[in-house]
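So the protein lines, in turn, are chains U and F.
Residue 147 in our numbering is what sits at position 147 of the first sequence, and the numbering runs on without skipping anything.
Residue 75 in our numbering is what sits at position 75 of the second sequence, and the numbering runs on without skipping anything.
Think of the hints as simulated: they come from the structure by calculation, not from any bench.
One thing to keep in mind: the hints can contain errors.
Given that identical chains are not distinguished, each listed pair holds provided it fits within a single copy or across any two copies.
Mimicking DSSO-like on lysine-lysine, the simulated pairs with C-alpha atoms at most 30 angstroms apart in a straight line are [unchecked claim]: (1) Lys52 with Lys155; (2) Lys155 with Lys58; (3) Lys58 with Lys150; (4) Lys5 with Lys155; (5) Lys3 with Lys150; (6) Lys58 with Lys42; (7) Lys52 with Lys3; (8) Lys183 with Lys155.
2 protein chains.
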Amino acid sequence: MAKVKIGPSTHLYPKPAVLVGALVDGRANFMTASWCGIACEKPPAMSLALRKIRHTLKGINQQGTFSINLPSVALAPQVDYCGIHSGKDTDKSAVFQVFYGLLQTAPLVQECPLNFECRLLHSLDLGSHMLVVGQIMETHVDQGCLADGKPDVEKIDPLTYASGTSQYHRLGEAVGQAYGIGKLL
Amino acid sequence: MAKVKIGPSTHLYPKPAVLVGALVDGRANFMTASWCGIACEKPPAMSLALRKIRHTLKGINQQGTFSINLPSVALAPQVDYCGIHSGKDTDKSAVFQVFYGLLQTAPLVQECPLNFECRLLHSLDLGSHMLVVGQIMETHVDQGCLADGKPDVEKIDPLTYASGTSQYHRLGEAVGQAYGIGKLL
Chain U
1 MAKVKIGPST HLYPKPAVLV GALVDGRANF MTASWCGIAC EKPPAMSLAL
51 RKIRHTLKGI NQQGTFSINL PSVALAPQVD YCGIHSGKDT DKSAVFQVFY
101 GLLQTAPLVQ ECPLNFECRL LHSLDLGSHM LVVGQIMETH VDQGCLADGK
151 PDVEKIDPLT YASGTSQYHR LGEAVGQAYG IGKLL
Chain F
1 MAKVKIGPST HLYPKPAVLV GALVDGRANF MTASWCGIAC EKPPAMSLAL
51 RKIRHTLKGI NQQGTFSINL PSVALAPQVD YCGIHSGKDT DKSAVFQVFY
101 GLLQTAPLVQ ECPLNFECRL LHSLDLGSHM LVVGQIMETH VDQGCLADGK
151 PDVEKIDPLT YASGTSQYHR LGEAVGQAYG IGKLL
């Protein structure tokens, strides 16, 4: 099929739709983000790109900690709400039931089936955004979303975000086993 | 629901299943990766975590360029093949039809509906992995996968990878409009 050049773009798919938790000026705040991924295995680390003006970035720098919370599809309206409203103007501390874990300063969302506690390791200034790297210190999973001791993606029913059409999507069905279907070639 | 602590883990969902292209010792090589995300808007940048021993990392450092290619679900066997076999032992230069764009040294996969050309900006040593940040210099899209000049995720039908169950999944249906459904709260 013929290719079209559209210039530099950021339309990578799929992207997770997560809630970033931080204590900002002592108050729990949750920001919607999709520019987030795994950065290292040993130690386990997460990367997160944040526009420099973000209220959440202020809290991450204040405490040196943050959380990444994975919502299921049912939480899509709340996730979108946290993407529309900034913690500068809106108190989002009561949108979710908040709990704290190992780090004590990284607010976690009870309603999200999967939660990561992160300790700030690096901040890389890339231009409009800071790329924040956090060491994953603890993972919390809803008991019913585990399979063989690991978080099961089908039970979690995670929310994804597609930037081109600005739509949230659910994850679809399994299409093959990794380290398996490639052996047939 | 009761939460269970499983220790530090890297089971973030969803993750894209992409092919990283690089010229290694002058030969096009393609590696499967899912620890990849957008890192900045201005300039547009991509982050990619690579185990330090990866053949692909050698090529990225040799040329200072790489590509990120988004396969559709139909390419799942080829993607898995590129995850099973290392370019150290296997010549993967003929698995796909290769083309080159602006950067001339970042091999691109014709069969993938979406391709990004990246120029190496930063390498951050995190332990087992290097976090590589590349400026996105050009995006190539299959003509039939565009909608309003942007890559349309439903037409692309991207492949995703779930680490817990080691399954590839397709993206599911849209569940709501971003900057929309949160206004109802």
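What are the numbers of the hints the structure violates, in ascending order? 1, 2, 3, 7
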